[in-house]
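J.: Chain by chain, the residues run as shown.
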Amino acid sequence: MSPRAASRLEAFGFDQVYDYAAGKADWGAAGLTLEGRPGPRAGELARADTPTCLLGERLQAVRSGVGTSGWDTCLVVDPDRVVLGRLGRRALARDDDVTVEEAMSAGPRTFRPDVRLGALVGWMRGRSLTSAVVTTSDGRLVGVVRLDEAEARLAAGP
Amino acid sequence: MPTEIGRDEVRRLLAEGAQLIEVLPAEEYAEEHLPGAVNIPLRELDRERVREFDRSRPVIVYCHDYQ
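For the record, the sequence lines run as chains V and C. For what it's worth, my numbering labels the leading residue of the first sequence as 1, then goes sequentially. For what it's worth, my numbering labels the leading residue of the second sequence as 159, then goes sequentially.
Hints are computed from structural coordinates only; laboratory data are not their basis. Watch out, some of these pointers could steer you wrong.
What the hints assert, rightly or not - Some, not all, of what chain C presents toward chain V, calculated at C-beta under 10 Å:
no., residue
1, GLU185
2, HIS191
3, VAL196
4, ASP223
We treat Cβ as the ideally placed atom computed from N, Cα and C, and that holds for glycine.
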């Protein structure tokens, strides 16, 4: 988004235009001050009813369980609920019966519960994703934030 | 072509008087933004909106991350 804005500014005649591409996620991660109003955090919207499975389970068994849950994704966790991977729609739609480990996408991007919901929504929109995984700092699953629910929460105001 | 810069360069330019624009939607800006940043959502970025900016000073734009 910011590269497009920078190009437009140049087209409008500005000749000293810089793109801070890493953006406010980078600024905040460095511990630098950010201004704004208090707002909802990711942990508030993280749903703990997300389906989970273990590495060694068979995809077919997982698929049938997920199918009745109302979700279209399943998180792969270890016995301590540390997130190892994710089965998305495409993986769940496979018609071969491999193990979860063979079908999953490893190491999904995760967020801490204190991440601001607006920032998380921006991240999901920017990648055309409909959900984001929230974990503790040691990687244990807290839940999944759904984009539609997060947008509704932001629209409701503080 | 715009120059991509990192955090240290942003801080240096701001100290020298650069102008800062966040191009995310207003709701995201309201929730959290860099100190001193002005919000112009990308969809609203046109010649009229940038009239208030000084063309003789650097302008830094940013969003959430590499989107």
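J.: Need the list of violated hint numbers for this structure, in ascending order.
T.: 3
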